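2 protein chains.
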Amino acid sequence: MTNPHITLVPGFRASGVACGLKKGNELDLALIAADGPCTAAAMFTTNRVRAAPVLYDQCIIQAGHPVQAVVINSGCANACTGEQGLRDARRMAEMTVDHLGLPSEAVLVMSTGVIGQLLPMEKVSAGIEQACQALSHSGGADAARAIMTTDTRPKEAATQVEIEGRTVTIAGMCKGAGMIHPDMATMLAALVTDAAIERDVLQHALQATVERTFNMVTVDGDTSTNDTVLLLANGQARNPMLSDVTSSAYREFANGLLDVATALAQAIARDGEGASKFITIQVTGAASWGEAKQVAKSIASSNLVKTAVYGEDANWGRVVCAAGYSGVPIEPDRLSLWMENRLDSLYLVKRGEPFEIDEARASAILAEAEVAFRLDLGSGRESATAWTCDLTHAYVDVNAHYRT
Amino acid sequence: MTNPHITLVPGFRASGVACGLKKGNELDLALIAADGPCTAAAMFTTNRVRAAPVLYDQCIIQAGHPVQAVVINSGCANACTGEQGLRDARRMAEMTVDHLGLPSEAVLVMSTGVIGQLLPMEKVSAGIEQACQALSHSGGADAARAIMTTDTRPKEAATQVEIEGRTVTIAGMCKGAGMIHPDMATMLAALVTDAAIERDVLQHALQATVERTFNMVTVDGDTSTNDTVLLLANGQARNPMLSDVTSSAYREFANGLLDVATALAQAIARDGEGASKFITIQVTGAASWGEAKQVAKSIASSNLVKTAVYGEDANWGRVVCAAGYSGVPIEPDRLSLWMENRLDSLYLVKRGEPFEIDEARASAILAEAEVAFRLDLGSGRESATAWTCDLTHAYVDVNAHYRT
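Sequence order for the protein chains is A and B. Under the numbering used here, the first residue of the first sequence carries the number 1, and numbering increases by one thereafter. Under the numbering used here, the first residue of the second sequence carries the number 1, and numbering increases by one thereafter.
For the record, the hints were derived by calculation from the structure and aren't laboratory data. Predicted model only: the values in this text are computed from it and were never measured. The beta-carbon is built from N, C-alpha and C at its ideal position, and this holds for glycine as well. Accuracy of the hints is not assured; some may be wrong.
[As the list claims (entries may be wrong)] Sample of chain B residues at the chain A side, in silico, Cβ under 8 Å: (1) V49; (2) A79; (3) I115; (4) Y310; (5) I330; (6) P332; (7) E353; (8) V396; (9) A400.
Chain A with its partners taken away, still in its complex shape:
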């Protein structure tokens, strides 16, 4: 869809404002608000060190309260900030509750940025007031821009599906760039829909989707303290309530959600810190989806694979090596490997025996901005796909001086 902002979904307004958390008057505080209460589902980082807003949101989600707004700041992660950090996260929610006249506990909070620094609450307070005033049905683009950190562009996606004669819209925005690795690959994503859907079905849909989208992305192997994916459903599409995960109506919704989440997850890998190439790792012929995933992510996480693609060097041995240390009991003499782009597919290894590389074709494939490796394990019929980017000089630039 063109201009796939979250405010495409009926009943949602948004805004993005600048309150001085980032340098140069950049947008740094986003707000999403629904016209009425929403069913909410969420997934959070598996890091044992969880940021204050993650701890706060987990309580709200676990209690099962309806949610009506999400306030998000960039520039400071409010992580590793002790008791004061928890008070600040709660205060962000309370200020939003006050300004919008919502029930307490109807607001979720997300933060992203530097770890280990306290939020400058005077600036945040002014930003929340400003964001509440700026809410509009065309504010999605500003919101998507306000949650960026080292992202070079906003990440938005939307789709529409027909559910029993009603049009249901699903849209989302996310930010990525660095500290990107499972479980919960993105630092922050907010998805909204006007579907009518029961709470446990919504959570089921979110988990199934995240497992195959955000959790299949890696940029640098570091799982963040702040990873959060939220999904809000306001029911305004007036479709018959989705309450059965085996129904065809649910499948329509789940496929639409998968489309939006896949587009956002791929956008994170494409815009990984310093990235010059988008890399797809497809693993086929696995005994189970879990094993296919484990091998795909091991390859996608390899610094050596990522630097070789950056250097446009067909050093495919590193792909096989990373499969070998994935922890999956692969059989080396059953492995087959191809390097591919949209135009060509170069067969590199056939059941454990290497071909001599056609360097001209290899160079042509690697010269493209999108490169794929397809590895067949020869052990079954399951497959999985992971996405990553190359490891470049620019990645080192971005991360050597991130805090300063």
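Chain B: place on chain A using the hints.
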């Protein structure tokens, strides 16, 4: 010890020659030969994809044959090379057996370099003949140089211990630089000693040592297909046979072995690909050594920690974040963290609460070539130390065009 070459150990000769596997007439084939049969212990990569020489050596070691020589080439890893690769590895051993007049199966083989290419056996054959002729009691330095790939300097260590009135010498050499991660952190290491020691005791000593030395190093998180550590003992020191791992004589030997292996493991991290700084991660206050190790290695493997140190940015939140996703059930509010060098120790986090950073002291610490983070988990009395290097522009340079 000054000039700590492996040929310091009585009864061992070595050589290093150039046979055209590397460019520019660099040394690329090493040979270690004992005057008589040695007891041998070894540890190999845990990668499911094991190079042909690893598969060959595993058979020899498992059969328990005495070993009298080790032939090592750099420039080509002979990994992912199928049946032909296995034939080539066996042929390297047989050629050495023939030239030196040894019993068959008395020679081990190691290879390191590019994965997925066949060995140019004509060059290797000429190299082995030349290396056999060049064997000498002063050839250790050449051998250490001939096993280098992207290493910028040879890595050698030696020590002497007294065991029941007899002087026992232990020496080793290794190579590292890239594709360095547990389990079996080094690509190749050869250790030799003149101790008289039973075979199962020798293997016990090697395993205990490797676990706390080579397996505590990471450069880039990629576990190689060729990792091998060998330990040969020729018994010429004529100490009473070491046969009891609880004896004080064994402890003398084990401590000496630990000293040599620690020096070699640290040398690998210091000379990691593109490294400008040597980083020590010390984890204390853990419930078990295993948990301390897991946290230390998670931090040492973090690209974000490594780039921050390169940029001399005291972004300590990344250290806590990497502890959080280590898989160990740490308690965030019990964590204490220090950043240290030889001269100063800066307290950053006290039981979960951050201090405001003294940026001047932080900068002074980070300006040094050796930096340490000490993390106390507040959960017990065990500790572990891991070693790594920073992630630099030069790492990307080295790996973007390694093959070409």
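Among all the numbered hints in the text so far, which are the ones the structure does not match? none
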